[in-house]
Amino acid sequence: MTTAAEFQIEYLQYLQADGKAKSDLPSFASDETLMVNLYKTMVQVRAYDTKAIALQRTGKMGTYASTLGQEALSAATGAAMQKDDVFAPYYRDYAAQIQRSVSMLEIYQYWGGDERGNCYQNNPHDFPMSVPIGSQCLHAAGAAFAFKYRKQNRVAVTTIGEGGTSEGDFYEALNVAGAWKLPVVFVVNNNQWAISVPRGSQTACETIAQKAIAAGFEGIQIDGNDIIACRKIIGDAIDKARRGDGPTLVEAITYRLCDHTTADDASRYREDNEVTNAQELEPIKRTRAYLTDVGFWNDEKEAALQVECKKNVDAVVEQYLNIEQQPLENLFDYHYAELPANLVEQRQEVIEGSL
Amino acid sequence: MTTAAEFQIEYLQYLQADGKAKSDLPSFASDETLMVNLYKTMVQVRAYDTKAIALQRTGKMGTYASTLGQEALSAATGAAMQKDDVFAPYYRDYAAQIQRSVSMLEIYQYWGGDERGNCYQNNPHDFPMSVPIGSQCLHAAGAAFAFKYRKQNRVAVTTIGEGGTSEGDFYEALNVAGAWKLPVVFVVNNNQWAISVPRGSQTACETIAQKAIAAGFEGIQIDGNDIIACRKIIGDAIDKARRGDGPTLVEAITYRLCDHTTADDASRYREDNEVTNAQELEPIKRTRAYLTDVGFWNDEKEAALQVECKKNVDAVVEQYLNIEQQPLENLFDYHYAELPANLVEQRQEVIEGSL
Amino acid sequence: MNELTLVDAVNQAIAHELASDPDVVVFGEDVGKNGGVFRATANLQDRFGENRVFDTPLAESMIAGLSIGMSTQGLKPVAEFQFLGFIYPAFNQIVNHAARMRNRTRGRLHCPIVFRAPFGGGIHAPEHHSESTEALFAHIPGLRVVIPSSPVRAYGLLLAAIRNPDPVIFLEPKRIYRLVKQDVPDNGEALPLDACFVLREGSDVTLVSWGAMMHETLQAANQLSEQGIQADVIDVATIKPLDIDTILNSVEKTGRCVIVHEAARSFGVGAEIAAQIGEKALFSLHAPVQRVTGFDITMPYFKLEKHYMPSVEKIIAAVNHTMEF
Amino acid sequence: MNELTLVDAVNQAIAHELASDPDVVVFGEDVGKNGGVFRATANLQDRFGENRVFDTPLAESMIAGLSIGMSTQGLKPVAEFQFLGFIYPAFNQIVNHAARMRNRTRGRLHCPIVFRAPFGGGIHAPEHHSESTEALFAHIPGLRVVIPSSPVRAYGLLLAAIRNPDPVIFLEPKRIYRLVKQDVPDNGEALPLDACFVLREGSDVTLVSWGAMMHETLQAANQLSEQGIQADVIDVATIKPLDIDTILNSVEKTGRCVIVHEAARSFGVGAEIAAQIGEKALFSLHAPVQRVTGFDITMPYFKLEKHYMPSVEKIIAAVNHTMEF
Ligand SMILES: Cc1ncc(C[n+]2csc(CCOP(=O)(O)OP(=O)(O)O)c2C)c(N)n1
Ligand SMILES: Cc1ncc(C[n+]2csc(CCOP(=O)(O)OP(=O)(O)O)c2C)c(N)n1
Ligand SMILES: [Mg+2]
Ligand SMILES: [Mg+2]
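Residue numbers (the working numbering), protein chains in the order written: chain A, 1 to 355; chain B, 356 to 710; chain C, 711 to 1035; chain D, 1036 to 1360.
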């Protein structure tokens, strides 16, 4: 026997659960504006998220997928990207989307059953969140191809849950990204559960990061509740892609503190104490502890931030609840650039029927 | 950074191109009957294969996929399996199929455009060769599940080309096989080409074997033109699966000495000298050299074998050319256990139309 | 009395077969401990064990491909796709293998699989959760397509589907999963897989539908009855193979037909039924066959989905139009 | 004169667009150096470079998914599936994304993709290489389905498909890839994507077909003409959206219609055409609309495939039957 190939998967954590640094921090960790902005995004998203659930419970929104406990990863992802990059998110990446100028209102609209929530007035290129699991990874690879083809200095970033990594599309995207050295970053939110299926039942892999080995490029595992590790590693991966050095797979270990969606009842399949334990590791508390430690934050600022976030959300809710109904012709008018004959008739029928 | 996981991919070769042993051989290598039978199978398959191409060229068969130069891997696969195991082959594994009691006649029939070629009179369980690339890997995993479910001591083996490893189904099969520790062995015939697409364009992986790392189990790379390495490693993998120790991915490095199929013209996309070089490594010559060296073989035996193989093939061709046409009702009678009403009518129409 | 909703009847049928046939295995995403996102497999893992009822990794082609491998070994997979909108990654395995294995091997191997999936709109679900694409499967030789519209039929048809030696796409109209309860005795009696159900008799017009739309169709029939128009109401139930004779018999009697389905109109199942009526009962027709269906558009997000769905009013309007001839 | 076969016309159209639009990229399995297994992309890589014309890894969902990502960035992918029978792994991407992106984003993103695939039987190919499943795509809102039946139409329709801002399933009838040559000037003139072609005029019966079957249909029309029966012959060509008006106009004139397609009959494209004729031209019909199609079976292995295919004789028999009313 000879050795044909060897691989290592690294794990990175900077901040322990108590917010204390485990090792030397990257320089951006002492950039107050940057760090505070990340924190603000997380807190804002949590307020937005809590409200979304409340809206659903009171019948003012459809099924909603919460991001509770996974805000750091998503905030870091959004922050690490540049405006012209393209994001192909799955459905728990509001923190990233919001940083990329998708409005909270649009996200509410989306979950409120209104396609206009995908219009992204201030973001022309990002994909809407993808519902068919795994499929978005290929869209990101395709966009990345376009950047490379046009010699643009742009990167595509896609996110997926650890459950989604069992889908063929995930692997096909990794494989082509590796084969063509595409400027794309794959971020896995390994939140331990795919609805009711635990991480351990999904795959025999020791790490999700090692799935990149099957595609011939680097995979790395990080603590996804550690905002510094997330920002650092995702940032590095994006830089690498932008330099033309190809794709990276980032596995971020988080925990889904919420039900899968508002249609789910996680108590049917998981133990309360698992959730309680996971709460100890959650990112907002941890980030706040760090910021407080280094003197970027205090209770006063926190109080002000809470008020501001609530105000922002209230304003968005106000708008959301008062949105005019979508014109019925919208049902027809966006299937093709030009309306085909059979739709002309049907369109008329709906418009007349609704008079 | 800490190391989350480490992996190695081993490569194994016993016989060099000249048939000389590189290292200590496994004990079966001195089992004359076993080794000679493997050789005979390879030579028989080559005769069968050459004839199939001739039949196609003279209009007596449809498009045909040759196995030229890949006989060792396939012969070893068939020999390593037990009768009750299940084989889910791709379309270049005649040597394995023939050892598993699929008749040469049936294989000719199949390529002659006759479904009865999949009837496998003497093999109730094996799958017909799968045309949609990659799909067969999941069938093998499913059969393996059935064995495990019934606590049977059986193993499923599936084969695929290296091009096929880019398909999502391949990966999904690996992943579930790993997650459920299924008794299944995946054998990749890495013959360097997927029609016109070279191995290097298919994936950035250093080895195909490492794709198993994405599914959390062992992958190993072997010289697929080395009958001893093939028989040893595939045999070990099957034993391991039978013991309940889960799946293995075996990457066997071969070379497609033929065109992709008779419908292909490989000179359009690959260099002659690549083929000439690869001829030096081909398995029949190598096996014969080894057998001769250890005294199991000589020119006389060879001459007799050639005569016998030709005779066998001629007899099969004779049968093949004289097969009665399939009854037309066969077109209808096997879609459902019971013929539905609409097919009764259509069936009648065909039978009457053909009178 | 054993009053069950449709989804409970599904559960009861699966449980019945799990109990009576050790070859039956039940799997899919979240069907185990969670009992399915609609609870169709609730408690089955507890009752029959993790080796009979289990979750798979998240991969639909895998679910179908495994089913094929299992079934050729004699197991009887009852595999769930969480929603019909997520069956497409499995399309290759279903169309190119499950549907063909028997024919390809001239009966040597076959695939006694039930592919279950909740389908249809009207429950305010997110995108991809409200599809009605039964026509895609109906076109594929070798498949059966079955759609129950009541608890009793869900139980009897699902028993039949599980026992059937060929692959069955079993689509469950989730809008009516919990709409009504019926007495569904757990008697193990299957219903035929090749016959429509005549739910109501009348001589003026034939109403043909299936799935959740049966309810609007029956309501329309009741209101029409008050208007003095008596409808034959047919639940197609077994979309493929299609029992066209029951439909033709009715149309020959009534001379008028309205087909109701939720799927997009063009190239839908209604087209085949209308085409066959035109072929075989043309001269019985007093009026053109009408289709009341979804529009030829993607199922809208839920805010506007009601504008997509065929309504009782539209069915009545179509019948009235038909009566004008 | 520029005498081309259908497959060469495909090549010429792709080359024309590669030359005139830098956003056009051509890819698939073996389309590069090999020029496609049917030579549809022969020499294009040499002429336009490896960055414009290239092979992909072997994965169809990937081919479709990449196309979606590329096209939302403004590229115009012309992606090949090697055979229609291998498009199914991509079904999810095509149905759930390509077809929906424009509608889902209310026009913000859209997918100007051409998915090409050779299709149909009659060339003695192995299993899965002879499919005719255009109906599956025709049912999906947001897709266009286009099928040329001559070199001239292949060129003009493919130009239109590549320029069209929405996803087009472009199915090439490979049985007639090299059947005839026509003068196909490389003039860059596209044909409309929403109109049938009337290939022959007559007042006795309407023959409707598409793809390779146009040839049998035209032959039948010629033979019928000798019998004194004059047929309108319509090449549907753009299956979706369907130009039903041209068909209806003809049927209103002739009162008789025979639809010919190679795909399995049930739930095929013919059903929709027949249904619409029944809906909109019922009282013009002198005879039931007939369908001459493949049987409701899996495409047989090639030894028996000719028994599956609609023949000139069957078309004539159907017309004669139609004339008896
Ligand atoms: C192709 C497909 N199959 C099934 C589903 C239904 N579904 C939605 S979310 C989900 C679990 C996803 O788990 P994971 O990928 O871990 O992401 P998480 O929700 O945990 O963030 C499933 C099965 C889907 N949306 N798409
Ligand atoms: C799903 C699918 N896509 C495409 C094809 C067409 N096709 C047949 S063989 C082949 C190449 C296979 O290459 P590889 O897997 O390396 O096997 P090899 O033929 O080299 O043994 C292709 C693209 C197919 N049969 N199935
Ligand atoms: Mg998860
Ligand atoms: Mg190969």
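Because the hints were derived from the structure by calculation, they are not lab data.
Some clues are possibly wrong.
What the hints assert, rightly or not - Keeping only pairs whose Cα atoms sit at most 20 Å apart, straight-line, the calculated DMTMM-like set for lysine to aspartate or glutamate is:
id : chain 1 : residue 1 : chain 2 : residue 2
1  : B       : K506      : C       : E1034
2  : A       : K151      : D       : D1058
3  : C       : K1016     : A       : E302
4  : D       : K1315     : C       : E1034
5  : B       : K406      : B       : E673
6  : C       : K1024     : A       : D272
7  : C       : K743      : A       : E349
8  : D       : K1338     : B       : D688
9  : A       : K285      : A       : E302
10 : C       : K1016     : A       : D265
11 : B       : K395      : B       : E657
12 : C       : K1013     : A       : E324
13 : B       : K536      : A       : E206
14 : D       : K1349     : B       : E673
15 : D       : K1068     : B       : E657
Claimed, not checked - A few chain C residues facing chain B, derived, Cβ under 7 Å:
id : residue
16 : M780
17 : N806
18 : R873
19 : P875
Claimed, not checked - Reference listing, derived: stretches of chain B covered by chain A, where coverage requires no fewer than 3 residues with Cβ under 8 Å from a Cβ of chain A:
id : segment
20 : 363 to 369
21 : 381 to 387
22 : 448 to 455
23 : 514 to 523
The beta carbon of each residue, even a glycine, is placed where N, CA and C say it ideally should be.
Each hint tested on the structure:
1. The straight-line distance between the Cα atoms of B/K506 and C/E1034 is roughly 67 Å, outside the 20 Å bound, and the hint therefore fails.
2. For the suggested pair A/K151 and D/D1058, the alpha carbons sit about 13 Å apart, so the restraint of at most 20 Å is met.
3. Between C/K1016 and A/E302, the direct Cα distance comes to roughly 44 Å. Violation of the 20 Å bound is thereby established for this hinted pair.
4. Between D/K1315 and C/E1034 the alpha-carbon distance is near 15 Å, which keeps this suggested pair within the 20 Å criterion.
5. At roughly 12 Å between alpha-carbon atoms, B/K406 and B/E673 fall within 20 Å of each other, so this suggested pair holds.
6. Proximity of C/K1024 to A/D272 is assessed by CA-CA distance (about 50 Å); at most 20 Å being required, the pair is judged violated.
7. Pair hint C/K743 plus A/E349 does not hold up; C-alpha atoms about 46 Å apart against a cutoff of 20 Å.
8. Simply put, D/K1338 and B/D688 have alpha-carbon atoms about 17 Å apart, close enough for the 20 Å limit, and the pair holds.
9. Note on A/K285 and A/E302: the hinted pairing holds, with a Cα-Cα distance of about 11 Å set against a maximum of 20 Å.
10. Straight-line distance between C-alpha atoms of C/K1016 and A/D265 comes to about 27 Å, which puts the hinted pair past the 20 Å bound.
11. Between B/K395 and B/E657, the direct Cα distance comes to roughly 9 Å. Compliance with the 20 Å bound is thereby established for this hinted pair.
12. In summary, the hint linking C/K1013 to A/E324 is supported, as the alpha carbons are separated by about 11 Å, within the 20 Å threshold.
13. About 14 Å separates the Cα atoms of B/K536 and A/E206, which keeps this hinted pair within 20 Å; it holds.
14. As the CA atoms of D/K1349 and B/E673 are separated by approximately 36 Å, the hinted pair breaks the 20 Å bound.
15. Taking the CA atoms of D/K1068 and B/E657, the gap is about 41 Å. The hint is violated against a cut of 20 Å.
16. The beta carbon of C/M780 is positioned within 7 Å of a beta carbon in chain B (closest approach about 4 Å), and the interface hint is therefore held.
17. With 7 Å as the threshold, the beta carbon of C/N806 comes within range of chain B, its nearest partner Cβ sitting at about 5 Å, so the hint holds.
18. Of the supplied interface hints, the one on C/R873 is violated, with its beta-carbon coming no nearer than about 11 Å to a beta-carbon of chain B, more than 7 Å.
19. For C/P875, the suggested interface contact is upheld, since its CB lies about 4 Å from the closest CB of chain B, less than 7 Å.
20. Under a criterion of three residues with beta carbons nearer than 8 Å to beta carbons of chain A, the stated coverage of the segment 363 to 369 of chain B is upheld, 5 such residues being counted.
21. Look at the segment 381 to 387 of chain B against chain A: 0 of its residues bring a Cβ nearer than 8 Å to a Cβ of that chain, fewer than three, so the hint is violated.
22. Check result for the segment 448 to 455 of chain B against chain A: violated, 0 residues qualifying (beta carbon to beta carbon below 8 Å, three or more required).
23. Against chain A, the segment 514 to 523 of chain B contributes 3 residues with a C-beta closer than 8 Å to a partner C-beta. That satisfies the three-residue criterion, and the hint holds.
In this structure, the hints that do not hold are numbers 1, 3, 6, 7, 10, 14, 15, 18, 21, 22, in rising order.
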